[in-house]
Amino acid sequence: MREQPELPPDADLVTRLRGKDEVAFALVLDAWSGGMARVARSIVSTYASADEVVQDAWLAVIQGIGTFEGRSSLKTWVYRILVNTAKRRAMREGRHVSWSLVPGEDDTPTVDPTRFGGPGDQFPGHWLAFPAPWPSPEQDALAGEVSAQVEAALARLPERQRVVITLRDVEGYSSDEVCSILQISAANQRVLLHRARAFVRGKLEEYFVASAASDVGTEVRQ
Amino acid sequence: MTDLNCDELVELVTDHLDGALDEETERRVTDHLTGCDGCTAYVEQIRQTITTMASSPPDVELTDEARNALLGAFRDPPA
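Protein chains in written order, with this note's numbering: chain A, 1 to 222; chain B, 1 to 79.
Same shape as in the complex, but just chain A (with noise of 0.2 Å):
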């Protein structure tokens, strides 16, 4: 979870907020336009429109700040008319966008079945070479390296898949807390969150792989 100024409780917040109170409003678009920058661009095509959906996020937010009936958090109700803007913004794009789950996408492994043993194996089902040992993380000097590798895994996932890890893993929200702002099942959620852990693990381990194979090579040379 990223660390946020501390904000007044939502009742303050709200009652300020329609009372016109530009400090309050200032505090709100500071704390939370970056993340919604970023939950805006796992939905659509560029920085540039991103940046727009944000923008006229809030403007919506201006509008119907007196709508708000707090029946959830006043940062979910932001960043929930945020996906909504971002999702008509996608479909303008010609990118289609759709919610409910595909078929296979909650039976079909999220592990290549080739690195457990099947039938005719000793121990079929289990694992036939262990995941090797990544590097930890403070011994990890390129953790730059790590993080573009992150960005690089969740830019190639199912759009749904994506938007879900980001406000998980990336923007720290909960489980109830996704469900309300994307209107989705507890369910869907956890499949989708999980489809898209298994992948970026799996191209962490791609990448892990790579390059103790190229350091060996490098022992090796030299």
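Simulated from the structure, these hints should not be mistaken for laboratory data.
Take the hints with a grain of salt, since some may be wrong.
Okay, the calculated bits of chain B under chain A, using three or more residues with CB under 8 Å as the criterion [claimed, not checked]: (1) 3-12; (2) 15-23; (3) 41-47; (4) 62-72.
Remember, it's a predicted structure, so these values are computed and weren't measured experimentally.
Backbone N, C-alpha and C fix where the C-beta goes; we use that ideal spot for every residue, glycine too.
Since the structure of chain A is provided, determine the placement of chain B on it from the hints.
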């Protein structure tokens, strides 16, 4: 009750980390992890993946221009 296989366990990791498994399945997961270095490594790598995502580079903030425009719109909402 049969023991979990590794290829079943890897599909339960997200529910396990979210505490969303029923008691019986959660116990089977914990029992399996106690005896399986491969799955313990897998779960640890999923955790490490999550940690890496949580510490991705900071978000880009609004430009001053956009920030001022929004503060202006808050002051005087467009009709």
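Practice prompt. Report the numbers of all earlier hints that the structure fails to satisfy, in ascending order.
Written response: Violated: none.
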